[in-house]
Amino acid sequence: GNSVTQMEGPVTLSEEAFLTINCTYTATGYPSLFWYVQYPGEGLQLLLKATKADDKGSNKGFEATYRKETTSFHLEKGSVQVSDSAVYFCARGASGGSNYKLTFGKGTLLTVNP
Amino acid sequence: DVKVTQSSRYLVKRTGEKVFLECVQDMDHENMFWYRQDPGLGLRLIYFSYDVKMKEKGDIPEGYSVSREKKERFSLILESASTNQTSMYLCASRAGGPDTQYFGPGTRLTVL
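Chains D and R, in that order, are what the protein sequence lines are.
114 is the number that my numbering gives the last residue of the first sequence; the numbers go up by one with no jumps.
1112 is the number that my numbering gives the last residue of the second sequence; the numbers go up by one with no jumps.
No lab work stands behind these hints: they were computed from the structure.
Even glycine gets a Cβ: it sits at the ideal position worked out from N, Cα and C.
Misleading hints may appear alongside valid ones.
Derived, one-sided and incomplete: chain D residues facing chain R with beta-carbon distance under 7 Å [what the hints assert, rightly or not]: (1) A17; (2) L102; (3) K106; (4) G107.
Okay, derived cross-link-like pairs now, BS3-like style, lysine-lysine, Cα gap no bigger than 30 Å in a straight line [said to hold, decoys possible]: (5) R/K1003 with D/K68; (6) D/K56 with R/K1003; (7) R/K1013 with R/K1055; (8) R/K1013 with D/K52; (9) D/K106 with R/K1057; (10) D/K60 with R/K1018; (11) D/K52 with R/K1057; (12) D/K101 with R/K1071; (13) R/K1053 with R/K1003; (14) R/K1018 with R/K1057; (15) D/K52 with R/K1070; (16) R/K1013 with D/K106; (17) D/K101 with R/K1057; (18) D/K60 with R/K1013; (19) D/K60 with R/K1003; (20) D/K101 with R/K1018; (21) D/K106 with R/K1003; (22) R/K1053 with D/K101; (23) R/K1053 with D/K56; (24) R/K1055 with R/K1070.
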């Protein structure tokens, strides 16, 4: 079945450090790929998405590129801020048809220290 | 902006009680979802609804049921709450386009 594997945390960085959170997915079809972020005490928010191979999603300085050859969608940010401290979830959508479900990774806790 | 609201942020219930968690979305979305979130397990889909009165089991439906009588409202029901149902419950609503879901703030349920 569909699955998503993301880097286990927690990840602790200093402000202005470079961030990478790895994410790989099972290669069934051509799913849409997502990164969601959950700030403390809140629900999940869509951070960025990509719908086809080689697409790059970007938002708030975060980027992720849909790599079909490596079945990956790694999240990157060049210079993190304390306000980026949150849990990040990678997710894949359906590969077609009328399946509405998202499959999530287990989440990666990021803590950014001043 | 899409708004998904959940009836309670925190809820404490006793074992054996019947529990209702309510979710309302204001964007006329057809699809709605209930997840539970547990440390180390991420999000797991309990049930989803693709239209009024239509529902489908997710990955962990045991011990839960749902109701969707109106398009904007999706309720999760714990018929007889148990301690292993202590969790964070997240509701989501699906917009048009490729699978984007919008989440409510969550309900943290504790069953004593």
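Here is how each hint holds up against the structure:
1. Against a cut-off of 7 Å between C-beta atoms, the interface hint on D/A17 is violated, since the closest Cβ of chain R lies about 25 Å away.
2. Because the smallest distance between the Cβ of D/L102 and any Cβ of chain R comes to about 6 Å, under 7 Å, the interface hint for this residue holds.
3. Annotation: D/K106 was flagged as interfacial toward chain R, and the flag holds, the nearest CB pair being 4 Å apart, inside 7 Å.
4. Taking 7 Å as the C-beta cut-off, the interface hint given for D/G107 holds, the closest approach to chain R being about 5 Å.
5. With a CA separation close to 33 Å, the supplied pair R/K1003 and D/K68 exceeds the 30 Å bound.
6. For the hint pairing D/K56 with R/K1003, the CA-to-CA distance comes to about 27 Å; that is within 30 Å, so the pair holds.
7. A distance of roughly 26 Å separates the Cα atoms of R/K1013 and R/K1055; the hinted pair therefore holds under the 30 Å criterion.
8. A threshold of 30 Å between alpha carbons decides the hint, and for R/K1013 with D/K52 the separation of about 45 Å lies outside it, so the pair is violated.
9. Restraint check for D/K106 and R/K1057: satisfied, since their Cα atoms lie roughly 21 Å apart, inside the 30 Å limit.
10. Distance restraint check for D/K60 and R/K1018: the Cα-Cα separation of roughly 42 Å exceeds the 30 Å cut-off, and the hinted pair is therefore not satisfied.
11. Taken as a hint, the D/K52 and R/K1057 pair is honoured in the structure, with Cα atoms around 28 Å apart against an allowance of 30 Å.
12. For the hint pairing D/K101 with R/K1071, the CA-to-CA distance comes to about 18 Å; that is within 30 Å, so the pair holds.
13. Only pairs whose Cα atoms come within 30 Å are accepted, and R/K1053 paired with R/K1003 is accepted, the gap being roughly 21 Å.
14. With a CA separation close to 20 Å, the supplied pair R/K1018 and R/K1057 stays within the 30 Å bound.
15. With a C-alpha separation of about 34 Å, the suggested pairing of D/K52 with R/K1070 is violated against the 30 Å cut-off.
16. A distance of roughly 27 Å separates the Cα atoms of R/K1013 and D/K106; the hinted pair therefore holds under the 30 Å criterion.
17. For a cut-off of 30 Å, the pair hint linking D/K101 to R/K1057 stands: about 11 Å separates their Cα positions.
18. Distance restraint check for D/K60 and R/K1013: the Cα-Cα separation of roughly 39 Å exceeds the 30 Å cut-off, and the hinted pair is therefore not satisfied.
19. For a cut-off of 30 Å, the pair hint linking D/K60 to R/K1003 stands: about 21 Å separates their Cα positions.
20. With a CA separation close to 27 Å, the supplied pair D/K101 and R/K1018 stays within the 30 Å bound.
21. Our distance criterion of 30 Å between C-alpha atoms is met by D/K106 and R/K1003, whose separation comes to about 25 Å.
22. At most 30 Å may separate the alpha-carbon atoms for a hinted pair to count; R/K1053 and D/K101 meet this at roughly 18 Å.
23. A distance of roughly 38 Å separates the Cα atoms of R/K1053 and D/K56; the hinted pair therefore is violated under the 30 Å criterion.
24. Between R/K1055 and R/K1070 the alpha-carbon distance is near 13 Å, which keeps this suggested pair within the 30 Å criterion.
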